[in-house]
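*Asks:* Sequence:
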Amino acid sequence: MSILVGSVLAGSFLALPFIIWGVFRFFDKVMHKFFSWSKLVVLLSFLIFWTIAIIVIVLTILYGHN
-17 MSILVGSVLA
-7 GSFLALPFII
3 WGVFRFFDKV
13 MHKFFSWSKL
23 VVLLSFLIFW
33 TIAIIVIVLT
43 ILYGHN
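Number 46 in the working numbering belongs to position 64 of the sequence shown; there are no gaps in the numbering.
I should point out that these hints are in silico values taken from the structure, not numbers from a laboratory.
Being a predicted model, the structure only gives us computed values, none of them experimental.
By construction, the Cβ of each residue, glycine as well, lies at the ideal position given by its N, Cα and C atoms.
Mixed in with the good hints there might be a few duds.
What the hints assert, rightly or not - Just the calculated beta-carbon pair ranges, DEER-fashion: (1) Asp10 to Tyr45: 22 to 32 Å; (2) Tyr45 to Val12: 40 to 50 Å; (3) His14 to Tyr45: 45 to 55 Å; (4) Phe8 to Tyr45: 16 to 26 Å; (5) Ser(-11) to Ile30: 18 to 28 Å.
Hey, can you work out the whole structure from these sequences and the hints?
*Replies:* Dropping the structure here:
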């Protein structure tokens, strides 16, 4: 995996929780639809996607120097 591909993947995984949070925020504030489980989904998405991003960054550092 090249450094460019690793950076793009890591950046995408770091941005996904904010996109998910924005969608739920839009539904709550604009559409007036409240989901009681939305905070749990946002928390889990932060944990999962940021863990994946850290793994991608570490793998890019270790194996991306070609």
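*Asks:* Are the hints correct? Go through all of them and say.
*Replies:* Hints and how they fare:
1. Between Asp10 and Tyr45, the C-beta spacing of about 41 Å breaks the proposed range 22 to 32 Å.
2. For Tyr45 paired with Val12, a C-beta distance near 44 Å keeps the hint of 40 to 50 Å intact.
3. Distance hint check: the CB atoms of His14 and Tyr45 are about 48 Å apart, consistent with the given range 45 to 55 Å.
4. Checked against the hint of 16 to 26 Å, the C-beta distance between Phe8 and Tyr45 comes to roughly 38 Å, which is inconsistent with it.
5. In this structure, Ser(-11) and Ile30 meet the distance hint of 18 to 28 Å, their C-beta atoms being roughly 20 Å apart.
Of the numbered hints given earlier, the model fails hints 1, 4; all others are met.
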